[in-house]
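Asker: Here the protein sequences line up with chains A and B, keeping their order.
Using numbering that gives the first Met the number 0, you'd call the opening residue of the first sequence number 0 and step up by one each time.
Using numbering that gives the first Met the number 0, you'd call the opening residue of the second sequence number 0 and step up by one each time.
Hints are computed from structural coordinates only; laboratory data are not their basis.
Positions of the beta carbon are idealized from the N, C-alpha and C atoms, including for glycine.
Examples of chain A residues lying across from chain B (beta carbon under 10 Å, computed):
{"hint": "1", "residue": "D110"}
{"hint": "2", "residue": "A164"}
{"hint": "3", "residue": "G166"}
{"hint": "4", "residue": "R168"}
{"hint": "5", "residue": "D172"}
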Amino acid sequence: MKPFKRTLALALGLAGLLAGLAIGAAPSPAADHLEAPLAQLDGRTDLNDLYVFESPDNPDHTVLIMTVNPLAGIASPTTFDEDALYRFAIDTDADGKRNRSIVVRFEEPADDGAQAFRVSGAGGSGSGTTGEIIDLGSSGHAVAGTFDDPFFFDLQAFQDQVKAAGGERTFCDDEAADFLAGTNVSAIVLEVPTNRLVPNGETALGVWAETWNDGRLDRVGRPGIATVLIDDGSEDGFNSRSPEKDLETFGPQVEANLLALSGLDGSGYTEEEARGITELLLPDVLTYDTAEAAEYLNGRGLTDDVIDLSLTVVTGGLGANESPVLTSDCVDGNDVDFLDEFPYLAQAHEL
Amino acid sequence: MFRSKSANRPPARPAIALLLAGVIAAIIGLISAPGTPGTASANAEPRPLAEGLDPVSGLAPVTRIVDFWALRADASPSDYLSRTQLGFALLTQARETYDLVGFEEAENAFAAALDRNRRHAPAQLGLGQAVHAQHRFAEAAALASSVLAAAPDRSDARLLLADAQWELGERDAAAAVYDELARSQRTAPMLSRLAKVAAAAGDAAGAVELAKEAIVLSDASPLRPSTQAFYRFQVAHFLAEAERPAEAIEFAEAAVAIEPRHLGAVELLGGLHLEAGDLDAAADRYRKALQIGAAADLHGTYAEILALQGDHEGAAEQERIALELAEETIDRFPSERRHLAEFFLSRDPHRALALAELDLTERQDPEAFELLERARAAVEALATPTAEGDG
Numbered sequence: 000m001k002p003f004k005r006t007l008a009l010a011l012g013l014a015g016l017l018a019g020l021a022i023g024a025a026p027s028p029a030a031d032h033l034e035a036p037l038a039q040l041d042g043r044t045d046l047n048d049l050y051v052f053e054s055p056d057n058p059d060h061t062v063l064i065m066t067v068n069p070l071a072g073i074a075s076p077t078t079f080d081e082d083a084l085y086r087f088a089i090d091t092d093a094d095g096k097r098n099r100s101i102v103v104r105f106e107e108p109a110d111d112g113a114q115a116f117r118v119s120g121a122g123g124s125g126s127g128t129t130g131e132i133i134d135l136g137s138s139g140h141a142v143a144g145t146f147d148d149p150f151f152f153d154l155q156a157f158q159d160q161v162k163a164a165g166g167e168r169t170f171c172d173d174e175a176a177d178f179l180a181g182t183n184v185s186a187i188v189l190e191v192p193t194n195r196l197v198p199n200g201e202t203a204l205g206v207w208a209e210t211w212n213d214g215r216l217d218r219v220g221r222p223g224i225a226t227v228l229i230d231d232g233s234e235d236g237f238n239s240r241s242p243e244k245d246l247e248t249f250g251p252q253v254e255a256n257l258l259a260l261s262g263l264d265g266s267g268y269t270e271e272e273a274r275g276i277t278e279l280l281l282p283d284v285l286t287y288d289t290a291e292a293a294e295y296l297n298g299r300g301l302t303d304d305v306i307d308l309s310l311t312v313v314t315g316g317l318g319a320n321e322s323p324v325l326t327s328d329c330v331d332g333n334d335v336d337f338l339d340e341f342p343y344l345a346q347a348h349e350l
Numbered sequence: 000m001f002r003s004k005s006a007n008r009p010p011a012r013p014a015i016a017l018l019l020a021g022v023i024a025a026i027i028g029l030i031s032a033p034g035t036p037g038t039a040s041a042n043a044e045p046r047p048l049a050e051g052l053d054p055v056s057g058l059a060p061v062t063r064i065v066d067f068w069a070l071r072a073d074a075s076p077s078d079y080l081s082r083t084q085l086g087f088a089l090l091t092q093a094r095e096t097y098d099l100v101g102f103e104e105a106e107n108a109f110a111a112a113l114d115r116n117r118r119h120a121p122a123q124l125g126l127g128q129a130v131h132a133q134h135r136f137a138e139a140a141a142l143a144s145s146v147l148a149a150a151p152d153r154s155d156a157r158l159l160l161a162d163a164q165w166e167l168g169e170r171d172a173a174a175a176v177y178d179e180l181a182r183s184q185r186t187a188p189m190l191s192r193l194a195k196v197a198a199a200a201g202d203a204a205g206a207v208e209l210a211k212e213a214i215v216l217s218d219a220s221p222l223r224p225s226t227q228a229f230y231r232f233q234v235a236h237f238l239a240e241a242e243r244p245a246e247a248i249e250f251a252e253a254a255v256a257i258e259p260r261h262l263g264a265v266e267l268l269g270g271l272h273l274e275a276g277d278l279d280a281a282a283d284r285y286r287k288a289l290q291i292g293a294a295a296d297l298h299g300t301y302a303e304i305l306a307l308q309g310d311h312e313g314a315a316e317q318e319r320i321a322l323e324l325a326e327e328t329i330d331r332f333p334s335e336r337r338h339l340a341e342f343f344l345s346r347d348p349h350r351a352l353a354l355a356e357l358d359l360t361e362r363q364d365p366e367a368f369e370l371l372e373r374a375r376a377a378v379e380a381l382a383t384p385t386a387e388g389d390g
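Bound conformation, chain A alone (with noise of 0.2 Å):
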């Protein structure tokens, strides 16, 4: 038989499977988006970000959010993996292991993408299919979809000025922009009752959200541990460890990038400063107090520019001199307004 055309479809077709999942390489880690090798294999279970706060409809509930999905559609699914656990993990003793959680399961999309899931765990349980509201018990609901995401940050000017990553681009420069403008991810949103979350009479919680699929490929808690404190070539083993042991773990690299980000202009964290700031990042778990306004650092909120306050801490902020390289990226805000009530993030955007 002749090869004519279908050689060529099997040389292209072959040369063009390098990334393998969906177009092009991944475009680069922004907060926990994308941040390291095995993340990046299946933006399904790829954590981008976690959101934790108290309800503004109801002061009794706190909202729990994790997203995937990086640039849903366009570089990642807008599914979720049906054979992959979703877990908010929450730690109520302060010591970096889960003493509660709520997981979250999906089955197979059916023919129009929808599917269906259900939770369980702490927060109440309740099935139902993604894009639907459902009931937990107890006034809790949980919603599972699409949305904008809800993540605001100059990826390339970090890339430039923070990674040396070859361009020139800076913080604040005319260029400014939330890179994640109009772009989506998938997201599972829960509203549940705090004393569901926490034992009766305490008010402190910490939480991390985790992906699984015969062990744990991807964790997040506060943003951008892992995207600007961890080694490159070290995510993968941080995002496969329980937080308990970051600190003994991961805790010399994480002080020693304090020091080398805070020394860029030459008058950095002492040791002392950088051992104490790493103290306070790891474990990486996200703490709030319930009976305290949650802005971040104490729980996240979805409109809390955590970008400048992470640019201000690990560049030298809180230094004795409190003199911080960097201190903001320009972008103060969701390129779309968020929802003032439940889910609170905004709508998808049309792709």
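Using the hints, position chain B against chain A.
Answerer: Chain B alone, transformed into the frame defined by chain A:
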């Protein structure tokens, strides 16, 4: 308990909160940024999916992805990230549509990204893929080597280099890299390469099994329909090579069921039907193939089928179009040289020989030498008087 541990941490939260408040106040006062945080008064139901996405892969059509990145690139003069992603989207579009100009457009997008950041490894590797697709294999190898000089362990760069080496005839070196990478990443893309190596070594059955395993592994991920179809087409291709046509048809049909515009699978079906003597089915498939992508060789084979069916007028018309397309393509797209050499073997052996010689300058794989030999034989056959001629 939790609070007491927090209290022992050196920089206390109030210091951070004050710092944050000061920073935010300063920013609000000094900088006008696009968009401000806020809340909307209107509620809205969450959308289960954005419009226009493929329900299986959850990905937008490639044309929309191209538009998405192109708009971003246009909006930001220094943005090499979006230009790189535009390049990858154009590469995918070119592969899905068989539009060879698309590879040039992708090359331009990657070059534009590198103009803005010459060290951006994804753009270097994307450019490597774009030139590889245009059969500039030595350039692709050089780009991969350049990335590896800075990051010796990058598996995507090693894979691009090995793919280029394979085409340049350095097959042992390429196969060694495939083997090594497949040991640590037994993924569908790696199994596809192992299947290619097995087929080149004459182990057609082994190639089929590896390609089938690639389907199983690939099905665990939500791939674009074109990629899902590719894995099935790949099995069909190796089955055809192994002379197992019934099974080959089954897998090629599966590919077409997923992606009706998979040109390789459609053409393979046409070829298999032609070999089986089912001219109507072959003609139907070739007509479909020509609707997907016009090419001299496709028109040429369709002409042969029409002639076999007795439609000599139609065959002549198809042959005319084939020759016209061949002339248009011959200098414009070096990646078509091998196909055109095959096309001219029975039509103009001297031209086939010239093209085979040119093909050998850009890749030195065993197929290039084999094609050259066949072209030489065809030319010699022209010079050899036939018995009838003697008479």
